[in-house]
Structure formats: structure tokens, C-alpha cells
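> Sequence:
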Amino acid sequence: MVHFWQAGDLAVHDLPGSVHIVDIKFLPTGDRFFVARADGSAMVWCGRTRQVLFHLQGGHRQLHIHEAQVFPDGHRVVTLAADLRLVIWNATSGKMLLRI
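If you're matching positions, the sequence shown starts at 69 in our numbering and goes up one per residue.
Hints in this document: simulated from the structure, not taken from any laboratory.
Computed from a prediction, not measured in an experiment: that's the story for all the values here.
The beta carbon of each residue, even a glycine, is placed where N, CA and C say it ideally should be.
Mixed in with the good hints there might be a few duds.
Unchecked claim - Cβ-Cβ distance ranges computed for the label pairs, FRET-style:
1) ARG153 to LYS93: 23 to 31 Å
2) GLY98 to ASP151: 29 to 37 Å
3) THR117 to ILE168: 30 to 38 Å
Claimed, not checked - Under the rule of at most 25 Å between Cα atoms (straight-line distance), these lysine to any residue pairs were calculated in the SDA-like manner:
4) LYS93 to ARG144
5) LYS93 to LEU166
6) LYS163 to VAL146
7) LYS93 to GLN125
8) LYS163 to CYS114
9) LYS93 to ASN158
10) LYS93 to ILE156
11) LYS163 to GLY115
12) LYS93 to PRO140
13) LYS163 to PRO96
14) LYS93 to GLY108
15) LYS163 to GLN119
16) LYS93 to ARG153
17) LYS163 to GLU135
18) LYS163 to LEU95
19) LYS93 to LEU152
20) LYS163 to ASP141
21) LYS163 to ILE92
22) LYS163 to ARG144
23) LYS93 to ASP107
24) LYS163 to HIS123
25) LYS163 to GLY142
26) LYS163 to ARG153
27) LYS163 to VAL90
28) LYS163 to THR97
29) LYS93 to THR160
30) LYS163 to VAL138
31) LYS163 to ALA106
32) LYS163 to ASP151
33) LYS163 to ASP99
Let the hints inform the model, and build the full structure from the sequences given.
Here you go:
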């Protein structure tokens, strides 16, 4: 379970879902974050509403993401999964941009 809070907000918020989180990365803007879970799902969340904005789908043959990194510009996320492929995603739309 992931707990987080926003500056100035004394309430602790839980990220919904009971699946083990493998990786979590905040985008530089601070309003979105990427989550990879042990069940193979990957998604981008809105930090303000704590809702899933979109799921990242179709980039890996075996979508068990081991690691993710956010590009410094905050517009792209790169994932490395069990299939040993790198996939670059658009962080604002969730569309796959490149698979290597």
C-alpha cells in the first residue's frame, strides 16, 4: 500500500488497490505519477485526484515491468520489463512511442 500527502494537507491518502507496487515515479510537474504493479499493470495517476488517467498497454510481451524512468522533460516514460525490451511511452497520453 502506498500512502502520500500533499504539502499543506495533513490528511494521509492511500493509493487504491492491494496489489504490490514494483515501481513508482513522479513526473517533474508533480501532478502525475507512474505506477508499475506486481500484477503486470502499469498506469499514470493524477496526484491531485488520485485517479488513474490511463493504463500503459501493449508495449511488452510480458508486462512485468522491472523499472521505469521519467525523462527530464516529463513528457515521456521509459520502461524495462521481463521481456528485456525498453518501451518509451508518452506520459500525457499513455501511447507507446517506441519499442526497442
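> Look at each hint and say if it fits the structure.
Each hint, compared with the structure:
no.: 1; hint: ARG153 to LYS93: 23 to 31 Å; verdict: violated (18 Å)
no.: 2; hint: GLY98 to ASP151: 29 to 37 Å; verdict: holds (31 Å)
no.: 3; hint: THR117 to ILE168: 30 to 38 Å; verdict: holds (33 Å)
no.: 4; hint: LYS93 to ARG144; verdict: holds (12 Å)
no.: 5; hint: LYS93 to LEU166; verdict: holds (20 Å)
no.: 6; hint: LYS163 to VAL146; verdict: holds (12 Å)
no.: 7; hint: LYS93 to GLN125; verdict: holds (18 Å)
no.: 8; hint: LYS163 to CYS114; verdict: holds (17 Å)
no.: 9; hint: LYS93 to ASN158; verdict: holds (14 Å)
no.: 10; hint: LYS93 to ILE156; verdict: holds (15 Å)
no.: 11; hint: LYS163 to GLY115; verdict: holds (20 Å)
no.: 12; hint: LYS93 to PRO140; verdict: holds (12 Å)
no.: 13; hint: LYS163 to PRO96; verdict: holds (19 Å)
no.: 14; hint: LYS93 to GLY108; verdict: holds (16 Å)
no.: 15; hint: LYS163 to GLN119; verdict: holds (18 Å)
no.: 16; hint: LYS93 to ARG153; verdict: holds (19 Å)
no.: 17; hint: LYS163 to GLU135; verdict: holds (18 Å)
no.: 18; hint: LYS163 to LEU95; verdict: holds (16 Å)
no.: 19; hint: LYS93 to LEU152; verdict: holds (20 Å)
no.: 20; hint: LYS163 to ASP141; verdict: holds (17 Å)
no.: 21; hint: LYS163 to ILE92; verdict: holds (19 Å)
no.: 22; hint: LYS163 to ARG144; verdict: holds (10 Å)
no.: 23; hint: LYS93 to ASP107; verdict: holds (17 Å)
no.: 24; hint: LYS163 to HIS123; verdict: holds (9 Å)
no.: 25; hint: LYS163 to GLY142; verdict: holds (14 Å)
no.: 26; hint: LYS163 to ARG153; verdict: holds (16 Å)
no.: 27; hint: LYS163 to VAL90; verdict: holds (21 Å)
no.: 28; hint: LYS163 to THR97; verdict: holds (19 Å)
no.: 29; hint: LYS93 to THR160; verdict: holds (14 Å)
no.: 30; hint: LYS163 to VAL138; verdict: holds (15 Å)
no.: 31; hint: LYS163 to ALA106; verdict: holds (21 Å)
no.: 32; hint: LYS163 to ASP151; verdict: holds (19 Å)
no.: 33; hint: LYS163 to ASP99; verdict: holds (19 Å)
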